[in-house]
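Residue numbers for the sequence shown follow the numbering used here, beginning at 88 and rising by one.
These aren't lab readings, by the way, just hints derived from the structure by calculation.
One or more hints might be untrue.
Dumping the calculated SDA-like pairs for lysine to any residue here, alpha-carbon to alpha-carbon at most 20 angstroms [said to hold, decoys possible]:
#1 Lys159 / Lys220
#2 Lys540 / Asp509
#3 Lys276 / Asp509
#4 Lys101 / Val123
#5 Lys468 / Glu456
#6 Lys521 / Lys159
#7 Lys174 / Ala253
#8 Lys276 / Glu309
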Amino acid sequence: MSQEFTSRDKDYSKWYNDIVEKADLAEHSAVRGCMVIKPYGYSIWEKMQQALDKMFKDTGHVNAYFPLFIPKSFFSKEASHVEGFAKECAIVTHYRLKNDENGNGVIVDPDAKLEEELIIRPTSETIIWNTYKGWIQSYRDLPLLINQWANVVRWEMRTRLFLRTAEFLWQEGHTAHATAEEAIVETEKMLNVYADFVENWMALPVLKGVKTPNERFAGAIETYCIEALMQDGKALQAGTSHFLGQNFAKAFDVKFAAKDGKLDHVWATSWGVSTRLMGALIMAHSDDQGLVVPPKLAPLHVVIVPIYKTDEQLKQISDVAAGIKKNLEAKGLSVKYDDRDHLRPGFKFAEYEFKGVPVRIAIGGRDIENGTVEVARRDTKTKETVKQTELIAKVEQLMVDIQQNLYKQALDRRTAGTHKADTYDDFKRILDNKGGFIYAHWDGTAETEQKIKEETKATIRCIPLDNKQEEGNCIYSGKPSKQRVVFARAY
């Protein structure tokens with residue numbers, strides 16, 4: 088498998104694609120720009136879903152589901168929103184097919200044109216706020232804290248599996264509040280939920296910040312984000328949380344009666360993460376031997392491989408493996424005993440290494456005699472002999488150690504990949520030679536931001552929430568600046 092596998096240094100993009108396809112995570116579908124998420128990949132996404140869903144419910148949110156189709160007129164009600172998504176929308180114009188009378192197969196029935204076209208949701212603010220109008224009358228109906236797990240369509244021209252596809256899976260939270268202060272608290276709370284998940288489950292450190300006006304979500308007053316750094320020095324936006332103000336409430340006339348009887352528009356938030364997190368997971372931890380999965384998200388925690396010469400040895404090994412499997416599963420770990428007899432142990436080792444299984448246990452004839460097993464960990468590729476009586480505790484501890492080590496490695500890479508630039512020449516030199524996060528002064532204007540983007544392909548990833556005030560001069564215009572912002576080239 089490794090002979091067909093491209094290294095990171097040779098071609099990072101192909102290395103990524105090779106992992107996605109050869110580790111059985113996903114593949115391109117017959118529909119241009121869309122992907123098939125294969126069972127192994129989907130099982131990782133399910134783990135992500137389960138962890139996030141619990142976090143949402145623990146913070147008072149409930150799940151619902153809203154239509155895939157949105158009347159075109161809904162998008163016209165919030166001007167900046169429609170402008171932000173207009174070029175990405177897929178549109179349903181007809182509702183029926185028929186056989187062509189000339190024998191050319193199935194055609195669209197011209198008599199079945201919709202009176203109003205339907206947009207396949209690129210995001211659900213409009214359909215949800217139209218619905219909320221019927222749900223909210225009084226302060227007693229607030230806050231309304233709803234999440235939906237769904238698919239969305241954004242008609243991307245250049246696609247890459249998980250990172251950018253025409254259709255992708257995500258969750259989107261949409262909440263309504265009585266005051267701006269409550270909505271802002273909600274927006275920041277959900278940003279922290281995302282950061283907690285990405286750092287503690289995905290083992291990936293993130294920067295928390297706000298987007299510049301140029302980079303805000305269409306229709307938002309403020310967009311909060313978490314940004315992660317990949318191994319090639321590019322940034323990836325791992326989640327966003329938006330304070331929408333009263334924009335959508337006003338567009339859809341969603342009002343509530345306050346305690347004093349006065350009518351006012353509600354205050355809104357929306358927030359979401361998507362299967363793009365799968366791309367982040369792959370690029371953050373994987374290596375030239377394949378996928379690396381943090382234990383908290385691993386579909387398979389442990390694989391047991393028998394090494395034997397006789398059927399009698401195999402029977403003895405299988406009996407020991409069954410006990411190990413049972414005891415590990417009792418600890419909440421997922422375990423597979425791979426006794427396929429048409430494959431050599433070496434092939435199995437390579438297969439599970441490529442799929443990123445955190446721990447591999449090999450049991451041979453000598454191990455049966457000695458009461459031992461060989462334990463290999465995927466992150467460091469180290470092996471050791473462990474007594475069978477100590478194995479369960481050892482594997483439990485390894486899950487903790489591997490999770491922590493992957494986070495430390497990612498944090499060390501981010502630290503090494505974080506730079507300061509005080510001049511535009513330094514900024515371009517760092518971008519071209521090192522990449523990474525670059526803290527630099529910016530004059531706060533959209534014009535300067537756009538010029539830097541056009542000339543370097545670097546964007547302002549965020550203005551960090553913990554930013555220190557620091558007098559300086561913009562690297563591009565030389566105008567005064569009171570703080571550094573974070574630039575990077577990004578996915």
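Quick rundown of the hints versus the structure:
no., hint, verdict
1, Lys159 / Lys220, "18 angstroms, holds"
2, Lys540 / Asp509, "17 angstroms, holds"
3, Lys276 / Asp509, "34 angstroms, violated"
4, Lys101 / Val123, "18 angstroms, holds"
5, Lys468 / Glu456, "25 angstroms, violated"
6, Lys521 / Lys159, "45 angstroms, violated"
7, Lys174 / Ala253, "12 angstroms, holds"
8, Lys276 / Glu309, "14 angstroms, holds"
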